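J.: Residue numbers 461 to 597, in our numbering, belong to the letters of the sequence shown in order.
Source of the hints: derived by calculation from the structure; they are not laboratory data.
One or more of the hints may lead you astray.
Here are the computed lysine to any residue pairs in the SDA-like style, where the Cα-Cα straight-line distance is at most 25 Å [to be verified]:
hint	residue 1	residue 2
1	Lys547	Met521
2	Lys547	Tyr557
3	Lys547	Asp584
4	Lys547	Ser558
5	Lys473	Ala498
6	Lys547	Arg491
7	Lys547	Phe531
8	Lys473	Arg491
9	Lys547	Gly529
10	Lys473	Ile489
11	Lys547	Pro580
12	Lys473	Ile487
13	Lys473	Val533
14	Lys547	Thr575
15	Lys547	Ile572
16	Lys547	Arg517
17	Lys547	Glu578
18	Lys473	Ala534
19	Lys547	Ala579
20	Lys547	Ala574
21	Lys473	Ile462
22	Lys547	Tyr581
23	Lys473	Thr535
24	Lys473	Glu508
25	Lys547	Val533
26	Lys473	Val461
27	Lys547	Ser526
28	Lys473	His493
29	Lys547	Ala534
30	Lys473	Leu463
31	Lys547	Gln530
32	Lys547	Thr569
33	Lys473	Trp484
34	Lys473	Gly490
35	Lys547	Val560
36	Lys547	Gln570
37	Lys547	Ser577
Pair ranges (Cβ atoms, derived) [what the hints assert, rightly or not]:
hint	residue 1	residue 2	range
38	Phe483	Asn550	15 to 25 Å
39	Val506	Pro580	19 to 29 Å
40	Ala534	Arg491	22 to 32 Å
This structure is a prediction, so every number in the text was calculated from the model and none was measured.
Ideal placement from N, C-alpha and C gives every residue a C-beta, glycine not left out.
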Amino acid sequence: VILAAGINLGLRKMADATNTHTFWELIRIGRWHVEGEAYDRALAMVVEAQAALPMARFWGMGTSASSDGQFFVATEQGEAMNLVNAKYGNTPGLKAYSHVSDQYAPFATQVIPATASEAPYILDGLLMNDAGRHIRE
Numbered sequence: 461v462i463l464a465a466g467i468n469l470g471l472r473k474m475a476d477a478t479n480t481h482t483f484w485e486l487i488r489i490g491r492w493h494v495e496g497e498a499y500d501r502a503l504a505m506v507v508e509a510q511a512a513l514p515m516a517r518f519w520g521m522g523t524s525a526s527s528d529g530q531f532f533v534a535t536e537q538g539e540a541m542n543l544v545n546a547k548y549g550n551t552p553g554l555k556a557y558s559h560v561s562d563q564y565a566p567f568a569t570q571v572i573p574a575t576a577s578e579a580p581y582i583l584d585g586l587l588m589n590d591a592g593r594h595i596r597e
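Turn these sequences into a full structure, and let the hints steer you where they fit.
T.: Written out as structure tokens, the structure is:
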């Protein structure tokens, strides 16, 4: 389930590629055992392991970060996607708002409406997970 999400394969194609689990078994595993908090903990462990590598210090100390939203077009109008945005017009879509440390480790990502201001989500990325708490500027 995690591999299917990580390589953007999807559960149906992952089930077709393996002979150990059916599509419906992967759905059940994903719903019962793979949750957002587990992803956050796993991402924090990966960021910490990357920061511990000697090479990571060439890029920075892991104490500063930047964040930005990336717009993705949606195929249909939805409840959170039907408002007109000054930047994107009435094109339906959403934003993936990502936080990246100065060591190039993406320590937080949130899906937000394209019409929302990014400012309130800055603190969420910095304070709502373990990896973001090491950021000082």
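J.: Next step is simple, just say for each hint if it's right about the structure.
T.: Results of checking the hints against the structure:
Only pairs whose Cα atoms come within 25 Å are accepted, and Lys547 paired with Met521 is rejected, the gap being roughly 34 Å. As the CA atoms of Lys547 and Tyr557 are separated by approximately 16 Å, the hinted pair is consistent with the 25 Å bound. Taking the CA atoms of Lys547 and Asp584, the gap is about 23 Å. The hint holds against a cut of 25 Å. A hinted pair counts as satisfied when its Cα atoms are at most 25 Å apart, and Lys547 with Ser558 qualifies at roughly 19 Å.
Between Lys473 and Ala498 the alpha-carbon distance is near 23 Å, which keeps this suggested pair within the 25 Å criterion. Pair hint Lys547 plus Arg491 does not hold up; C-alpha atoms about 35 Å apart against a cutoff of 25 Å. Between the alpha carbons of Lys547 and Phe531 the distance comes to roughly 10 Å, so the proposed pair stays at or under 25 Å and holds. Proposed proximity of Lys473 and Arg491 is supported: the alpha carbons are some 17 Å apart, at most 25 Å.
Straight-line distance between C-alpha atoms of Lys547 and Gly529 comes to about 12 Å, which keeps the hinted pair within the 25 Å bound. Simply put, Lys473 and Ile489 have alpha-carbon atoms about 15 Å apart, close enough for the 25 Å limit, and the pair holds. Among the hinted pairs, Lys547 with Pro580 is consistent with the structure: their alpha-carbon atoms are about 18 Å apart, no more than 25 Å. For the proposed pair Lys473 and Ile487, the alpha carbon gap of about 12 Å is at most 25 Å, so the pair holds.
Straight-line distance between C-alpha atoms of Lys473 and Val533 comes to about 23 Å, which keeps the hinted pair within the 25 Å bound. Taking the CA atoms of Lys547 and Thr575, the gap is near 9 Å; set against the 25 Å cutoff, the hint holds. For the given pair, Lys547 sits about 15 Å from Ile572 by alpha-carbon distance, which is consistent with the 25 Å threshold. A C-alpha spacing of about 37 Å is found between Lys547 and Arg517, which places the hinted pair above 25 Å, so the restraint is violated.
For the proposed pair Lys547 and Glu578, the alpha carbon gap of about 13 Å is at most 25 Å, so the pair holds. Under the criterion of a C-alpha separation no larger than 25 Å, the hint pairing Lys473 with Ala534 is consistent with the structure, at around 22 Å. Annotation: proposed proximity of Lys547 to Ala579 holds, straight-line Cα distance about 16 Å (limit 25 Å). For a cut-off of 25 Å, the pair hint linking Lys547 to Ala574 stands: about 9 Å separates their Cα positions.
Between Lys473 and Ile462, the direct Cα distance comes to roughly 13 Å. Compliance with the 25 Å bound is thereby established for this hinted pair. Annotation: proposed proximity of Lys547 to Tyr581 holds, straight-line Cα distance about 18 Å (limit 25 Å). Taken as a hint, the Lys473 and Thr535 pair is honoured in the structure, with Cα atoms around 21 Å apart against an allowance of 25 Å. Proposed proximity of Lys473 and Glu508 is contradicted: the alpha carbons are some 32 Å apart, above 25 Å.
Restraint check: the Cα-Cα separation between Lys547 and Val533 comes to about 13 Å, which is no more than 25 Å; the hinted pair holds. With a C-alpha separation of about 11 Å, the suggested pairing of Lys473 with Val461 holds against the 25 Å cut-off. At most 25 Å may separate the alpha-carbon atoms for a hinted pair to count; Lys547 and Ser526 meet this at roughly 21 Å. The hinted pair formed by Lys473 and His493 meets the criterion: a straight-line CA distance of about 20 Å does not exceed 25 Å.
The suggested pairing of Lys547 with Ala534 holds, with an alpha-carbon distance near 15 Å, which does not exceed 25 Å. Restraint check for Lys473 and Leu463: the C-alpha separation of about 12 Å stays at or below 25 Å, so the hint holds. With a C-alpha separation of about 12 Å, the suggested pairing of Lys547 with Gln530 holds against the 25 Å cut-off. Distance restraint check for Lys547 and Thr569: the Cα-Cα separation of roughly 21 Å lies within the 25 Å cut-off, and the hinted pair is therefore satisfied.
Taking the CA atoms of Lys473 and Trp484, the gap is near 12 Å; set against the 25 Å cutoff, the hint holds. Taking the CA atoms of Lys473 and Gly490, the gap is near 15 Å; set against the 25 Å cutoff, the hint holds. Between Lys547 and Val560 the CA atoms are separated by roughly 23 Å; this keeps the pair inside 25 Å, and the hint holds. The hinted pair formed by Lys547 and Gln570 meets the criterion: a straight-line CA distance of about 19 Å does not exceed 25 Å.
At most 25 Å may separate the alpha-carbon atoms for a hinted pair to count; Lys547 and Ser577 meet this at roughly 11 Å. Between Phe483 and Asn550 the beta carbon distance is about 36 Å. The supplied range of 15 to 25 Å is therefore violated. The hinted window of 19 to 29 Å between Val506 and Pro580 holds, with their beta carbons roughly 26 Å apart. The beta-carbon spacing between Ala534 and Arg491, approximately 23 Å, falls within the hinted interval of 22 to 32 Å.
Of the numbered hints given earlier, the model fails hints 1, 6, 16, 24 and 38; all others are met.
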